[in-house]
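Chains as they are written, first to last, in our numbering: chain A, 1 to 139; chain B, 1 to 139; chain C, 1 to 111; chain D, 1 to 111.
Hints were generated in silico from the structure; no laboratory data involved.
Note that beta-carbon positions come from the ideal geometry of N, C-alpha and C, so glycine has one too.
Just so you know, nobody snuck in bad clues.
Cβ-to-Cβ under 10 Å is the rule here; a few derived chain C residues that face chain D:
hint: 1; residue: K9
hint: 2; residue: R10
hint: 3; residue: E15
hint: 4; residue: N46
hint: 5; residue: A79
hint: 6; residue: A104
hint: 7; residue: A105
hint: 8; residue: E106
hint: 9; residue: F111
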Amino acid sequence: MPLAVFPANFKNLEKIREFYARAARSAGLDEDAVYDIQMAVDEAAANIIDHAYGGENRGVIECSYEIIEKGIRIVLHDHGKAFDPDLIAPPDVSSDPCSRKPRGLGLYFMQKLMDNVRFSFNGDGGNILTMEKYKENSC
Amino acid sequence: MPLAVFPANFKNLEKIREFYARAARSAGLDEDAVYDIQMAVDEAAANIIDHAYGGENRGVIECSYEIIEKGIRIVLHDHGKAFDPDLIAPPDVSSDPCSRKPRGLGLYFMQKLMDNVRFSFNGDGGNILTMEKYKENSC
Amino acid sequence: MEIKTTPLKRCMLLEVAGRIDSSTAPQLSDIFNEITEGGEFHIVFNMSKVEFISSAGLWVMVTAQKKCKRFNRGEVYLAEVPKRIYEALDLAGFIPYYKVYDSAAEAVGSF
Amino acid sequence: MEIKTTPLKRCMLLEVAGRIDSSTAPQLSDIFNEITEGGEFHIVFNMSKVEFISSAGLWVMVTAQKKCKRFNRGEVYLAEVPKRIYEALDLAGFIPYYKVYDSAAEAVGSF
Ligand SMILES: Nc1ncnc2c1ncn2[C@@H]1O[C@H](COP(=O)(O)OP(=O)(O)O)[C@@H](O)[C@H]1O
Ligand SMILES: Nc1ncnc2c1ncn2[C@@H]1O[C@H](COP(=O)(O)OP(=O)(O)O)[C@@H](O)[C@H]1O
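Using the sequences provided together with the hints, build the complete structure.
Structure below.
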């Protein structure tokens, strides 16, 4: 599993997106899928910075991936705060955004753009987010 | 001397420009010079149609060229009316175009865009316009 | 991210090139604030050169739209929105809240 | 030559793609006449896709400018003029008689 470790700050979001874009291309995914992956990992990493670490530069994000038969499996590992994704209500994307709180799109994008999204929280072992993206003809 | 004969009508202006564009490229002229040549031959051929023949489809325009050391020599040959270029006053390009008669730019463009412009009128032998365009570093 | 603003007779033309993520969204927010603090609430946001936008950037756009539409004093029009940016706006449910034009010229000419 | 017109709030946006020579200039003339006969004398001529223009085309532009400026009722603005087209306009001495804008959006936004 190729691995890259980035200090958890917003400047590094671009590097994280690029790291996974290259990985996705090498896994044979098309440019639409590459873009979806960039959006999903951006939201995931931004959440780690914002919510798990509660701010910039309070830890690192370990980024790894695995090329699988169907496409790519992405793993983001952090040592911040855990949370319960099941308690997070999905956004109401049919309501007027001007009257919504400007929050809650990140997890939603990850779920919409990726084929499989799983969190696991392991105490001192840290938090692991696994997302998979499949090629056009896989499911 | 490669030669192409076109019925003298406006539809053929594009073909005449293309004929000379290809010739100019094969003579090693750059794209700026190719464009200048296209403008000059367009004006020259339009004048033959408008003034020498007095309208469309009353004769042909014989288009030939010669690749010379300095660049290209273009020859347009028609059998329309002769005229005396020395009697044509150059346009006053510094005056308000809205108060000018909408005429008189063609010969001016030919002279400005080409390095050498010569008319010769030979009675039944027809009228011959020779224009030369030199490469950047020739003069 | 690069930002260009062009004040026009009846609106501000805003062009952004590059990526709008959590790192650069604050700059976009600043420029919208600068425009509205200058008293202009009619904005054409030409997105043709936006290569990436995350939810952080999308929310900045919503905040700007909200501010501009307040008191009926103006609006943010979008122009030349690239396919992937459009899809993100659509996924977020934001498309119904913007007039989207094929060209910046048409957007400007609709104020 | 392809022609596209887009009526906007305060002007007509005219876009022409291709070559304007003695063969196609009459079509350009027709479209200018159609616009002005429709009562619109504020025209943005987006030339970005004009590949060639001869004196025949240049004179059509002058005639349109003359008609639009009459009685102070309007003007033809030029936008996105390619280098070679600009040079032809310049050689003819026509540049001082047009406002030339880098983008159609700016031209539209200047009416
Ligand atoms: N990695 C994370 N660590 C801790 N909490 C998280 C994490 N990701 C998301 N959350 C929680 O889920 C909520 C929704 O996240 P998200 O959909 O990304 O929207 P936003 O980040 O804009 O609030 C967050 O407000 C936060 O409470
Ligand atoms: N090939 C030609 N045969 C006859 N007369 C010509 C020819 N070319 C130019 N002329 C004369 O020279 C004048 C100026 O020509 P030109 O500068 O091309 O402008 P325009 O064609 O717009 O009048 C023409 O009006 C015409 O009287």
